[in-house]
Amino acid sequence: MSGTHRLQSGGLIDRGKPLSFSFDCESHAGFAGDTLASALVANGVKLVGRSFKYHRPRGIFTAGSEEPNALVELRGGVRREPNTRATVTELYDGLIAASQNRWPSLRHDIGAVNDRLSRFLVAGFYYKTFMWPAKFWELLYEPLIRRAAGLGRAAGAEDPDIYEKAFAHCDVLVIGAGPAGLMATLAAGRTGARVILADEDFRLGGRLLAERCEIGGRPAVDWVAEIEAELAAMPDVRIMRRTAVTGVYDHGQYSAIERVNDHVATPPEHEPRQRSWKIVAKRAVLAAGAHERAIAFGNNDRPGVMLAGAARTYVNRFAAAPGRRLAVFTNNDDGPRTAADAREAGIEVAAVIDSRTGARVTRVRGRHGVRLIDVADADGRTSTIECDALAVSGGWNPAVHLTCHLGGKPVWNDEIAAFVPGALPPGMTVAGAAAGALTLARCLGGGMTAGVTAAAACGFAIAAITQPRADDEGAAVTAMWHVKDSRGKAFVDLQNDVTTKDVALATQEGFGSVEHLKRYTTLGMATDQGKTANVLGLAILAQASARAIPQVGTTTYRPPYVPVSFGAMAGHHRGRDFRPTRLPPSHAWATEQGAVFVEAGAWLRAQYYPRAGEADWLKTVNREVAATRAHVGVCDVSTLGKIEIEGANAGVFLDRVYANTFSTLPVGKARYGLMLREDGFVMDDGTASRLAPERFFMTTTTAQAVRVMQHLEFCHQVLWPALDVQMVSVSEQWAQFSIAGPRSRDVLAKLVDADLGDAAFPHLGCREVTACGVAARLFRLSFSGELAYELAVPARHGDATIRAIMAAGAEFGITPYGTEALGVMRIEKGHVAGNEINGQLTARDLGLGRMMSTKKDFVGRVMAQRPALLDPERPALVGFKPVDGARRLRAGAHFLKIGAGATAENDEGYMTSVAYSPMVKSWIGLGVLRRGPERIGERVRAYDPVRNGDVEVEVTSPIFVDPEGARLHG
Amino acid sequence: MRINCPYCGPRGNEEFAYLGDATVRRPDPAAEDAAAQFYEYVYLRDNPAGSHRELWYHGGGCRSWLVVTRNIRTHEISDVAFADAGDKP
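So the protein lines, in turn, are chains A and B.
For the first sequence, the residue numbers in this note's numbering are 93 to 1062.
For the second sequence, the residue numbers in this note's numbering are 14 to 102.
To be clear, the hints were calculated from the coordinates, so they are not data collected in a lab.
On a predicted model such as this, the values are computed, not experimentally measured, just so you know.
Treat the hints with care, since some could be wrong.
[As the list claims (entries may be wrong)] To spell it out: a stretch of chain A is covered by chain B in this simulated footprint if at least three of its residues, at any positions, have a beta carbon under 8 Å from a beta carbon of chain B; those stretches are:
#: 1; stretch: 282-294
#: 2; stretch: 783-797
#: 3; stretch: 950-961
[Claimed, not checked] Here are some of the chain B residues that sit facing chain A, going by a computed Cβ distance under 10 Å:
#: 4; residue: Leu-57
#: 5; residue: Arg-66
#: 6; residue: Asp-97
For each residue, glycine too, the CB sits at the ideal point set by N, CA and C.
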């Protein structure tokens, strides 16, 4: 026997499996099959938390995912999880939970003074109070509010658990495994359709687990077990327990959260804690049931006040008594049923106060738990009733949430005094209580019809099925929202502490629209999204503003239906795995060399190769540049985008996508190419080599590789589908190494079987060769300005090739260089890169205007001729050197005339790239300056207020090293 | 959304890249008023509340450019076709 309030018999708990747990450091006992909430109820724990705003004592209010009150910190250390609903937390042995939002203890909480100050903490308090003086906001108000805000404490450390994402496809998705959902699944499953049944509970059955009812003359739980067994045997039916469908998206897509291992302390090795599902379904049957709602009366938030349906759940499913002497306050037929179930379980029933007779509860007394209730009858006679629990039923709201995610609006139904689904998302039908059919027989029948119809719509022939016999129990309701002669605060939204007075005040102050009410009072904006509060709130708003409820309408229901953890949203995509990392073929070798890596798009590239004794990166980079310019260097350039283009019209095609001409390029030659967007700005640059009359090999920049491929496909498929041309990306297929420097030819001569002499293989030559015994391609291309080659081998030979290059180059002092040295050398040569091809500059701006052919059309030609783009006042590319050679330059600095104020009107352009040049022996930069090429020799200010930079610079040619290009020829 | 690629079958929209209006045609660059026509072609778009023919690229699949006819109020897709259908020589 565990727990002072555990019933002697009954319930769906496993009394053979006792579990121990602790709440606020006190040990308790429960059974397998309990939730944390039911185990607390069974142990007589009524006070479980403090409310958000007033720090009012709160107890367990519901038995499901709609719980507004019983939020706890679950587990400890790095697995501490704040704001966890005790009502959906499965009990496990050793579970540790703690109450929240109280100090120093749950029973004696300093913050409870807010309750006494409540007359000042009304709706709109923050808007009214923290407005003036404005400068107080950052200093005082925000820190104050931040300290007071929130309930539980986050773990403050990285989550050690795994989360994952998964996808599923089916014919019929059934949401909810109550009577309607089970019948729908059975009906659809028997036709052979692929069915997924998802339910947030760990046990199938829904309300059938919580009510004393019969199906086919037997206890309903036996019927559930029988159906479950039949479904489990169907190969195409998948039952997903602990899985809440959280959202509906276009074209039959549904999101769901599976709480795979939330019911154990630590997930088993390699198993996720939670799994985020995307389910694609041809049809869906929504059988999500209904949420019971409260009635607003004085102190209706006290521990021990509980929804009547929840009270029956604790009694019938968990054999836990919410109290020893129970009173029931109701406006519908659930009241008498609750009293009957309580009596059957041996709980004394103090009174049933049925508002349909004019009786009502005006006040609850007892601060930390119900002690007495004040009751008034139709004639105004008052009395006081002694009880320690009060079950309340204000009627049921169908769970219409998922029907609204694509914009559907629920409609008011007078018969059940609630909103029912309106226009449905395509492919969805609603069955059972979610559709407003609140009785058992109607749930079973509606579910069966929905299942048959959904399967038939997917093309499956109807299979034999009959509706089991069940009664239509009483479900009559007469709306009753608010006890007007209440004494004490009457709460509408328990989680956000919104009272009937707040709703009235909002109406009075002009916030009469339901969307304004929500934002002004925060009604329904807590983590429970107002599942027990919203309809009550807008009913009171309707009364206060003398409108009918349908006129008031509802706020918008948005995903997710229940709270979703960030871990589940991120899945594996966190830390290093946030996105895939692409490794160039020389990565393993570079790691052995001790390279420092840098992220370049998705690639991890060697940034520089430090040697022992080099104090900082600049020393290393200077050495790499100097060695390459004096001897020879090697750099992995495999990250460039590579595209093979073939076909009779390949040359014509390249003429149209590049600004310069390629159809005249001889076989065996490469050419630098400039690509524009149709709006006339530069998109990308690279080279194209003609391998055969109808075959080109194009390279793009690393950053734009994917975009250029998409652009080329667009040009071919959309603009000029008649051209005979095909293309394929081969970026992953080739490893490519740049070998640069005066001794590069000597290194290559040892590796390839070809005549590398200037005559046989001139600058911008390309040819197929055999390198280290492998069919390879050799290009004589130079980004560094040195005699240089690019050697391409199939990617699988990349690692062996870099090692062979290093071995062959040893005698010539070969030095590997990274992206930093690559950048330095291209800036020294005035070659543009991503910093200059920034989407805002034209070919003319970059000094490449003459590359734009006048003999043919190409993408961007017409728009590049717009007068404003031809304006000589536009900033254009030049070089910069600090007047004081010791000063450092910064990219991003803006140029000002000497003596001009630092205002936007005086802005003359900006620095795009900078580097320390070991050749020039000072910092150098590239940038765009108004009429720049005409101003060489002039001095301007490079002004960088963000980093306190203000450097006088001299305008120079953008080419700092070897302007004649003599070094290209070795 | 899900787009029924005529080559690959129905796939999630995360496999596709959106470009926009599929009804605009690249003007004749030799036309006398080419500058004005290109200005319209590059910048001006209708924003119809309803059916819209638009270009999507199946970059995560077959690399086809597709013309998708989609109601931009409801996201209902009534037709998907290859952008180069019928224009092949």
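Against the structure, the hints come out as follows:
1. 282-294: With 0 residues in contact (Cβ-Cβ under 8 Å with chain B), the coverage given for the stretch 282-294 of chain A is violated.
2. 783-797: Violated - the stretch 783-797 of chain A has 0 residues with a Cβ nearer than 8 Å to chain B, which falls short of three.
3. 950-961: holds (count 5)
4. Leu-57: 12 Å, violated
5. Arg-66: Nearest chain A Cβ about 12 Å off; hint violated.
6. Asp-97: 3 Å, holds
The structure fails to meet hints 1, 2, 4 and 5 from the earlier list, while all remaining hints are met.
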